[in-house]
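Peer 1: Based on the sequences and whatever the hints tell you, model everything.
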Amino acid sequence: MGHLVNWLEHYGYLILFVGLFLEMLALPLPGEILMSYAGLLVFQGKLSWFFSILSSGLGAIFGMTLAYWIGSRLGTPFFEKYGSYIHLGTDKLHKVSHWFQKYGNKLIFIAFFIPGVRHITGYFSGVTRISFRKYALFAYSGAFFWTTTFISFGKVLGPKWELYHHKFSRYMLIAGFIAAGVVIVFYLYRKYKESLTRKLINALEKGLLRFQSLGKIRFFILAMFTLFVTCISLMIGLIQDYLAKEFSEFDEITTFIIHSIFGPSWGAWMNYFTLLGTYYVFVPIIIITSLWILFRGKDRLLELTSFAWVIVGGEALDEGLRLLFHRIGPASIGSNSPYTFPSEQTLISMTVCGFAAYLLIRHYGNALIRAVAIFFVVFLCLLVGISRVYFNIQYPSDVVSGYVFGGAWLSLNIIQLEVFRILKKDAK
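Just remember that the working numbering sits 71 ahead of the position in the sequence shown, which is counted from 1.
This list has only true hints and no planted wrong ones.
Here are the computed lysine to any residue pairs in the SDA-like style, where the Cα-Cα straight-line distance is at most 25 Å:
1) K496 - L365
2) K316 - E390
3) K369 - V490
4) K495 - G384
5) K496 - L483
Each pair of labels, with its calculated beta carbon distance range:
6) W140 - L314: 47 to 57 Å
7) G384 - W140: 57 to 67 Å
8) P409 - S119: 39 to 49 Å
9) N77 - W340: 33 to 43 Å
10) L365 - G308: 32 to 42 Å
11) F321 - R371: 40 to 50 Å
12) P409 - W78: 47 to 57 Å
13) Q487 - L346: 24 to 34 Å
14) V443 - L314: 34 to 44 Å
It is worth saying that the hints were derived from the structure and are not from the lab. Predicted, not measured: the structure shown is a model, and the values here were computed from it. In this text, a Cβ means the ideal position worked out from N, Cα and C, and glycines have one as well.
Peer 2: Structure (structure tokens):
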């Protein structure tokens, strides 16, 4: 690695191109470390951010293209016979083959973040005769996304590169697996939508399948149940990490990255973002949503009661959790509410804004309105969380836990609302 770093400092873009080109041909080169170190050189002004990404991306693209061509020319028999000598044995090819048969070629995009998989994706795609047009679409876009991510974060880490780059690579690997999991879940839902929906509805309420007019509500219940199960799983992991005191590394790295991206000039904007997580914003949203339910709602009393329970119950849940975990925030000593785990602001943002957006999505068929509502909630919650970390009011783990606990409470109440709605319809 030392020689590569020295060559990178002397030959810059050429080493990035050649290094990524050779790695995509399954040579054991540390491409991610090379790119993140290039980001450090960008920070130091020795390389251009744009040309570093361009040379790395082109190197990866040329490597993936050549690997595809080799795979298509040599075919399966060659790799079954000689693949083990170049770390492309039958077991690896069969494993990736199983992935592609199950989850589709969209995993090519995600594969760049999974060591061991990205090195054989090109060969395998050629061997199995995947359409080159589809292959190029996902491989080329994935290559530039991958290189942009690592070079940019190398630039952000700057002088702390040696301290953090190994930890960052590990988090990106985890993120890669999570992204692959999301793709797999989406694929499985599309493929087995009807059977999964039937099983879920049956589990929620026996005999519910006899109704033929559930329509789109099946999708909403399935989506919320998936979110609820995911949040519960994450909650268990967060609680375990909290008890084991394993948040310090994550908090340190995330805080450093946020302060590196958002410098002192962002102070005025962050003050506005902080207000997004207060009742200066929540009260108007609550009033507007309540009025909308009264004039446009389908089951007014049920929806108003559910909305009120989401708000009151969310506040009670937040207070109870912070008292239970008793974690003092980075700047909470002497304040009226020193406990910050989970973050009150992100939890309430998730529940209040999320429930209001759900009602809008459920009752409006316009795709643009739905997309805007989802984007608004995600963006608002993200800005609230970033502002809390920026001002050192809360730890990043506090913010994330607020998202997770809030997501669990939100999804549970949406499921409850829809089940009550169906039972009410049944009673009639």
